[in-house]
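Participant: Sequence:
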Amino acid sequence: MENERLDSGDQPTLPPQPPKHLTDDMLRNVFHRLPPEPIALAFVCSSYKSWRRVVHDEENFLRPFRTAHHNIPPLLGLYSDDVHGSLQFTRTTKGAMNLPVPPLASAVDHRSGFHGYGCTHGRVLLDAARDDNSHGELLVWDPLTEEHNLIPSAPGFVRGQSCGAALVCEANHAYHGDCHSSPFRVVFAYSEYMPPGPFHPPSSIRIFVYVYSSVTRSWGGRPAAVMRAREGWHFDRKPSAVSGNGDSVFWMTGEGRNVLEFHLETERLLLTGTPDATRGEDFVLAPAQEARLGLAGVIDNFFVVLFTRDDDGAWVHRILLRLNDAFPFHGDADADADGLFGIDIPTYSDDEDGLSDDDDADDDDDATEAKVVGFSEQLDSIFLKAEPGVFMISLESGQHQRVLETDQHFSRVYPYCTFYTAARKVIFNDVQEDSESSNIQSAEIRNIPSDGGEN
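Take 0 as the starting number for the sequence shown in numbering that gives the first Met the number 0 and just add one per residue.
The hints are simulated quantities; they were obtained by calculation from the structure and are not laboratory data. Keep in mind that a hint or two might mislead.
As the list claims (entries may be wrong) - Okay, the calculated beta carbon distance ranges per label pair:
#	residue 1	residue 2	range
1	H31	T215	33 to 39 angstroms
2	R291	S410	24 to 30 angstroms
3	Q16	Y174	53 to 59 angstroms
Backbone N, C-alpha and C define an ideal beta-carbon position, used for all residues, glycine too.
Generate coordinates for the entire structure from the input sequences, incorporating the hints supplied.
Facilitator: What follows is the structure in structure tokens.
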């Protein structure tokens, strides 16, 4: 077979020049109409250098773009960690980008028990343990820019101690700042066993809280707060939560019997008991936007319920949804004037909630098909794993939508949502326009530089 050759008169095809009659204001007006998913703006930036310059203007385009979308970033997918200790990303939108996992997570020794703590404002907080010799280092990972910050273990922490961590974004959200270019803080809490002594009760526990700042790159030298607890107290292996205004951090403790809250401004620790019905494995933290403590879960495999504390400190409940066998959401329930479905929530004593009898707990786990597996404070929503897939449920309205159709088992998920950023290089997988459909959703993007380009 002879090699095909260009005729002497053929010339290589050059990419078209950008339309010169389009001013920056006209381009901004057009780009503002794009969907909020980062792949849309990344595609624009890959086209022409002049278009990239317009998009990367933080003051005149990116900040107004986020404002136009009410500063609510799009959901890109779910990070999850399995029982073997490997992190994976599952897309929730067809044609959306497939975000990577950090090399540290994918190469982790399965025997070490890799653990994720959560996603916050475009970043992921991970346990950076690689082997049994690790000392509790943490990793703050930005999947969109592939920037990572390895954080040393908190002072006094010894690997193996019960602990919890949370990531707090320091962006000016009132001014719709870019979270990817903003500093952050990591709040780390752990418990230390105290042997019997003359100055404290026998076999007591102290809880230490330290706060790491990305600005000073240190833990501050002293604990932000210290509290004593009873023997047997421990952190649950559930995602932490940060209030919508970023003022408070929450952890579940003691099989869901208590919630530990740390207030960043006052540096106070508060331990709050939970309702009997929320104890066990079926409820997760879901604080409201106004920093009010909340717990969401499924009761009797039928009620999706949100518990919150009122102004007097009492627990009140609201049924978000009812489930049925044919379809996960029972849509014909009549709400009363308070937005509730008029159904009494059963209450349980400590002996009836499945915590006192191991056999009963196993039976309950087998019977519970629907389970709340995650929460996003940015979206003010919980994520429910049910028979047909994963559903996102608004805490305010109870509205729901299926974000993932899968039979994959998730014990917990970390929803990842973010806008496009010009802070650093944005890493995607191959951005090429589909020559047949010219549909940006059919393309994926890779290594788009923050400056430079051919045109």
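Participant: Each hint should be assessed against the structure and marked as holding or not.
Facilitator: Structure-based check of all given hints:
1. H31 - T215: 33 to 39 angstroms: holds, 38 angstroms
2. R291 - S410: 24 to 30 angstroms: At 26 angstroms between Cβs, range holds.
3. Q16 - Y174: 53 to 59 angstroms: violated, 37 angstroms
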